[in-house]
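Q: Chain order of the listed sequences is A and B.
Mapping of the first sequence onto the numbering used here: position 76 corresponds to residue 76, and the numbering continues sequentially without gaps.
Mapping of the second sequence onto the numbering used here: position 329 corresponds to residue 329, and the numbering continues sequentially without gaps.
Cβ-Cβ distance ranges computed for the label pairs, FRET-style:
#1 A:Asp-42 <-> B:Ser-56: 20 to 28 angstroms
#2 B:Asn-65 <-> A:Val-78: 23 to 31 angstroms
#3 B:Leu-269 <-> A:Val-108: 53 to 61 angstroms
Pairs of lysine-lysine residues, derived as DSSO-like cross-links and limited to a Cα-Cα distance of at most 27 angstroms, are as follows:
#4 A:Lys-25 <-> B:Lys-142
#5 B:Lys-157 <-> A:Lys-14
#6 A:Lys-92 <-> A:Lys-80
#7 B:Lys-142 <-> A:Lys-14
#8 B:Lys-163 <-> A:Lys-14
#9 B:Lys-164 <-> A:Lys-14
#10 A:Lys-25 <-> A:Lys-14
If you are wondering where the hints come from, they were derived from the structure by calculation, not from laboratory data.
The C-beta atom is built at its ideal place from N, Cα and C for all residues, glycine as well.
This is what each chain is made of:
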Amino acid sequence: MSEFALVYRSGGEKMSPEEMQAHLKHCLDWFKELLERGVIDDPGVPLGPAGSVVVGRQGVVHDGPFAEAKDVISGFTVVKVQNLAEAIEIAKSCPVAYVGGSVEVRPVEACR
Amino acid sequence: MELPDHFFRHETGRIIATLSKIFGFQNIDLVEDATQEACGRAVEVWSVRGLPENPSAWLMTVAKNRALDILRRERRTRTVSTEYGQLLRSEWTMELRVDELTELNAIRDDQLRLMFSCGHPRLPEEAQVAIMLHYLCGFSVKEVAQAYLSGFAAVDKRITRGKKALASSGSLFDVSQQSDFMERLPVIHRAIYLLFNQGYHGGSQDSPVQHLLCREAIRLVGMLLENPLGRTTETLALAALMHLHAARLPAKLTPSGELTQLFDQDRGLWDQAHMQMGFELLANASSGQALTEYHIEALIAGMHASARDIESTDWPTIVKLYDALLVLKASPVIALNRAIAVSQAEGPARGLEEIGCIADADRLETYPFYWAALGELQVLVKRDADAKRSFESALAIARNSAERKHLQKRIEAVSARPGLGSLN
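Excised from the complex, chain A in its bound form (with noise of 0.2 angstroms):
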């Protein structure tokens, strides 16, 4: 059993109001069946856009909010699967990435 985490982008794509709705229920669906599967303990973190960076010794601190930027995190859940192979089919299904985002997956490094 590996550990991955799935880190999403949202797109930033348009939708309406109608849509948005349908959109979340689909991602409350996504995580429900997850959790049934056994595939997550959690649905994991949202992140929000506001907060700083905080850069170098020297601490340089530029402000948010990320909201504008189109790469930014908006959150992320840890899937425990197989292999990255099969993470990935779960990725593919992530309805994140049916409304112009995207899904990275990253192994969550083990220390054994």
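Once you have looked at the hints, place chain B on chain A.
A: Quick look at chain B alone, frame taken from chain A:
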């Protein structure tokens, strides 16, 4: 907990109404962006964390904060010229006052204010309805275009024009001024009436009955009824007529997507809740002196709703009501409906006679229902060849597949009858 249907659509309308009051319609782009982003955040957070205790309040808070963020960032280039402009200039009072302004009670008035602003006298009716749908009902430009079978560009232009008119008028409509309110009210009635009609009669590619528009119209008239100034006998009559018509919607379209005319509808499918609501409203609407076109249309709808079937319908009274309606509003479509009522009361030959007497009948020639009605009466007097031609004329201008299916069936039925053509 699950979200009610169209939650985001209706919340969008509420948020835009409230924030446009605070930031001014000149900043409607800021308001729209903030609202859009709030909904986007909601999807991202709620899908992971589940729904918050009060989703409406959550959305309003996030949208408000987002709008304030944008304003802080762009304060050099943006001005807020509403009465709240001064407050927004100070960081501290900004947060405080805005919280107060987004409380639930205030929001109801805000929506009415935006609704009345949409009835801007410089805008043509179609633009008034389009911006109501867009701002109050959360329809995207694309969805408005779909509802009206118009091109995206045309509708986009209509909405942009509406946006400009509202922005240039400085402040939003003041709904607390009684005389202004009463003067604008008929315009709002008309816009809501047109919205309902588009839903009820308007054809769209995939569904001839756009229940959604009917439901939105009923929601908007409900907002009027909640306001003491808005609750006039005319508003009540308008609401009554919409509920009484909406009651028939479930029977109007079969599950397989075919249109069913009033004459063939299964009345068991009529929605009892709407019906009861309609009659209640109609009773309340009759307390005043005024007898408006909405009253008469509601009375006609009520006659149908209370009849067990076509045969026991009181057609002579319906004809009289149409006579009264024609006095208030001369229109060939109303004259056509009157002629159909006459044919029920006095026979199809009389109905055809009445159709022949309609003034401006040429305006009906682009109306598929005119040809279809003519065809039905011609079938009844056994002028099958004429009937076939009428159905064919209707088919040529039918607006959707349900209408086409229905008309094709009628053509086949009349063609299958023996002796076609021999009577001519």
